Amino acid sequence: MKSKNAVLVEADEEAQQRAARAKKVTWVGFVVNAVLSLAKVIAGIVGHSGAMIADGVHSISDFITDIIVLVFIGVSSRGENESFRYGHGKFETFATMLISFALMVVAVGLFVSSASSIWDAVNGKVLPEPGMIAFVMAIVSIATKEWLFQYTRIAGEQINSTALVANAWHHRSDAFSSIAVLVGIGCAMFLGEGWRILDPVAALIVSVFIFMVGWRLAAPSVKELLEVSLPDAVNAEIGEVIHGVDGVRAFHHLRTRKNGNIYIMDFHIKVDPSLTIVEAHDIANNVELALKEKYGRSAIVNIHIEPYKG
1 MKSKNAVLVE
11 ADEEAQQRAA
21 RAKKVTWVGF
31 VVNAVLSLAK
41 VIAGIVGHSG
51 AMIADGVHSI
61 SDFITDIIVL
71 VFIGVSSRGE
81 NESFRYGHGK
91 FETFATMLIS
101 FALMVVAVGL
111 FVSSASSIWD
121 AVNGKVLPEP
131 GMIAFVMAIV
141 SIATKEWLFQ
151 YTRIAGEQIN
161 STALVANAWH
171 HRSDAFSSIA
181 VLVGIGCAMF
191 LGEGWRILDP
201 VAALIVSVFI
211 FMVGWRLAAP
221 SVKELLEVSL
231 PDAVNAEIGE
241 VIHGVDGVRA
251 FHHLRTRKNG
261 NIYIMDFHIK
271 VDPSLTIVEA
281 HDIANNVELA
291 LKEKYGRSAI
301 VNIHIEPYKG
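First residue of the sequence shown: 1, per full-length UniProt numbering; consecutive thereafter.
Honestly, the hints are just simulated from the structure, not real lab data. Since this is a predicted model, take the numbers as computed values, not measurements. C-beta: ideal position from N, C-alpha, C; glycine also. One thing to keep in mind: the hints can contain errors.
[Stated by the list, open to error] In silico DSS-like pairs for lysine-lysine, Cα to Cα no more than 30 Å straight-line: (1) Lys24 / Lys294; (2) Lys24 / Lys223; (3) Lys294 / Lys23; (4) Lys309 / Lys270; (5) Lys23 / Lys223; (6) Lys294 / Lys223; (7) Lys294 / Lys270.
[What the hints assert, rightly or not] Estimated spans, in silico, between C-beta atoms of each pair: (8) Arg216 / Ala115: 52 to 58 Å; (9) Ile154 / His281: 37 to 43 Å; (10) Val31 / Leu225: 29 to 35 Å.
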């Protein structure tokens, strides 16, 4: 089994590699969003498509989330200091919460805008007919944003970054809004002006989906910031790891929580009272290393030793 110092060195290297990959993935998204947003707005203006212009504005919102991720991922990779004894992991959680709230705000704005367009169409307003350039741009946007979603999501899951996964879903929300635009533009171009109302109807449906995604991402990040315990299944698994270490007779007072992607565990172990301090400490050290082997080298484990009295 590796020494505790070796584990700490590996944990620091792992955190730096994780931050570097997260930044690389986010920078790719940042550049793609810049080009795509500009292209959408130009296509909307040239193609006389208000929906495409709105979709371009929606893409610009991704700039905000990309910047949030770039800033907070860098901060969250820092180790502990005098002010943050458990490290800076919760900065990533905070970033996830901000991204999820941004998703919900975008969803509400899209919902209101779509409802207004539907109301205008019902009252006899003729929606504008878009050009082919807007139709093609919608297809390009869908393909590009879906690729960006998969690219970002896979990286986020591999490095266990909630902020990166949240940002990936923001990319997909943009892809879905482009689908709504594609449907509306296609109907307006090929089915006549009577079908143009399908554009805002599709956008309305998509806005609800985007809001649900935002809520799904917000809930766990808010719970983590409120120090909610880890799931019961994980706590039970932690107990199995503790019991599996030689010398541990029992344990109690298990308290768990998360700090970004890092698990924090506090508990008491009971050992044979005839053991020396050194022997009891070695058992506690083995428990800590076993948990770090299971849940990552950056896991924080605080152990109190007690004599076992039956």
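Hint by hint, here is what the structure shows:
no.	hint	verdict
1	Lys24 / Lys294	27 Å, holds
2	Lys24 / Lys223	28 Å, holds
3	Lys294 / Lys23	26 Å, holds
4	Lys309 / Lys270	8 Å, holds
5	Lys23 / Lys223	25 Å, holds
6	Lys294 / Lys223	23 Å, holds
7	Lys294 / Lys270	21 Å, holds
8	Arg216 / Ala115: 52 to 58 Å	23 Å, violated
9	Ile154 / His281: 37 to 43 Å	42 Å, holds
10	Val31 / Leu225: 29 to 35 Å	31 Å, holds
Hint compliance for this structure: hint 8 alone is broken.
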